[in-house]
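Novice: With numbering that gives the first Met the number 0 applied, the sequence shown corresponds to residues 0 to 544, in that order.
Certain hints may be false.
[Claimed, not checked] Derived EDC-like pairs: lysine to aspartate or glutamate, alpha-carbon spacing no greater than 20 angstroms straight-line:
| # | residue 1 | residue 2 |
| --- | --- | --- |
| 1 | Lys-232 | Glu-462 |
| 2 | Lys-160 | Glu-7 |
| 3 | Lys-528 | Glu-514 |
| 4 | Lys-161 | Glu-194 |
| 5 | Lys-543 | Glu-524 |
| 6 | Lys-482 | Asp-536 |
| 7 | Lys-30 | Glu-392 |
| 8 | Lys-116 | Asp-359 |
| 9 | Lys-449 | Glu-423 |
| 10 | Lys-449 | Asp-38 |
Note that these hints are calculated values from the structure, not bench results.
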Amino acid sequence: MNIVNKQENISNIFFVLAVIIAAIASLFLFKQGLMPCDDAYITFRHAKNFAMDLWPAWNLTGEPVLGSTTPGFVLILGSIGLIFGSHNIEIIALFVNIIVLFFLVIISYLITLDICKSYVASILTAILVGFNSVNIYTLSLGFESGLFASVVLSCFYLARKKYYALGAIVASIAPLIRPEGILVVAIFFLFTYFERAKLLKLILLFCIIPFIYTIYSLNFYGSVVPQSIEAKKHFSTIYKPYDETGNFDFISRVSVITTEVQTLWVDKIQPTLLTGFTIDRSEEAQKVSAIIEGLILLFLMLAVPLYLLFKKDRRIIYFLYPIGFILLYAFIGHVQFWYLPSFITSILIVSISGAVILIDKLNLKTIQHYAHFLIIFLLFFILIDNNQYRLSEEKHFIYAEDPRGSIYRYWELERFISYRNAAEALNNISNEKIDTSLINEVGFFGYFYKGNVFDSVGLCSPEAVAFYPPPKEDIFNSDGTYKSGSNQIIPSTMVYEVKPDYLVTSRVNILHLLEPSSVFLQDYEYLGKSGTAWGGDPVDIFKKR
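Model the full assembly from the supplied sequences, consistent with the hints where possible.
Specialist: Next comes the structure, spelled out in structure tokens:
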């Protein structure tokens, strides 16, 4: 009895320590404050419209369109906004993420403990997850990534503990938070199938929330697939070099999956995970270090699940997600850093706990206890050292750096100020909820603008896709060279047909519209500049005459 009580006391002490770590991490995120990111504000606009008018759509007039890939997060933020105010959505998102981070640290601790039964490994994993610079920075932007990571881990933990019914309900939520939640569903049902659970009952429970959402989505939006996902199928026509076919070819993507996996690991996952930001290729020492560390993590990520599969060990459920994530995004294509927290959290867990599993397999006997500590702390210091933080000279406090590099933090702030100024200026002169502004970077502007916003990229405006690729005369000079260095120009045909009341964009995107012979100059007058974007490009405002 004394041994049992002692074990319970130890367990309670370490759990309390994990709670303290989670609380400190949440306070640290609170101290970071809200950082602006244009893409996050697309979701915020949908949530704001829901909080204001119970209308979770991009525009408040016309056919409702879902331009956000996270309808579940939209409804959560909008519902809280009903209570605390529709003009505080971005602050609500930050506080939701503060709570989410607390839970994410706790569930990471519990899962690591479940895998390797090591309190030390579990505590160190909680620290790695709670203070990972990519996680912290992404959550400070107000993205749904932390919530999705929590749903992923909760689903697998419940399945592992044989709470299959609750796990099925959590799995059904995952695709509503992030589209790649379908991967969570696949892993959950694969696991429960081999566990010989009552699949029919689980499928019925799983279908409840998706069925309700499907009925709602079909009636409200006319589709269960967000417009932003539909638009991404056509991105090759929208962005330079403007492929005229613009089709997402399933067969061709499968055929290059091996190459894409390598590219994704080397160019995105490995540098982001191991340095906290994209490596400057000129820093060879840093590059070599990341390659070595990456190979260690890759070995743990692949070797441990193979061992668990051979042993038919149920702990394998935790090791399937990182592998599935890489395969899924290698198939889909480009992945932004704000999609990575679920992968990063999972790989931190399986790396530390996986190392313990392999040491146990070696059966080192007398030195096994010391080997555990040595390997665990070695991995911990490798991973904790790879976080990217900066000291704020103004606040005398460290903050997580943008994984893309420090310059992006300032570029986002630059865009935030410029597009907010543009929106507020037009709010003072436009007919609210009726006038339409056409713009190609819609997040910040859309959140603050009270009228309709036509998204020229098509993420939130389905009609835009039909105008791509742009007419060749918009793209090329007579000698075949590009007219503009912009990655995405606004087609002249779009402007002439949509006839927006206002056009808001950097001049580099509309050089073809500003040529002396252009009809645009006859139909629109220049109102002025609201600021700059991307390091100095003027953000101009034009008004229809």
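Novice: Work down the list of hints and note, for each, if the structure agrees.
Specialist: To see whether the hints hold, each was checked on the structure:
{"no.": "1", "hint": "Lys-232 with Glu-462", "result": "holds (14 angstroms)"}
{"no.": "2", "hint": "Lys-160 with Glu-7", "result": "holds (19 angstroms)"}
{"no.": "3", "hint": "Lys-528 with Glu-514", "result": "holds (19 angstroms)"}
{"no.": "4", "hint": "Lys-161 with Glu-194", "result": "holds (9 angstroms)"}
{"no.": "5", "hint": "Lys-543 with Glu-524", "result": "holds (6 angstroms)"}
{"no.": "6", "hint": "Lys-482 with Asp-536", "result": "holds (16 angstroms)"}
{"no.": "7", "hint": "Lys-30 with Glu-392", "result": "holds (15 angstroms)"}
{"no.": "8", "hint": "Lys-116 with Asp-359", "result": "holds (11 angstroms)"}
{"no.": "9", "hint": "Lys-449 with Glu-423", "result": "holds (9 angstroms)"}
{"no.": "10", "hint": "Lys-449 with Asp-38", "result": "holds (18 angstroms)"}
The structure shown violates none of the earlier numbered hints.
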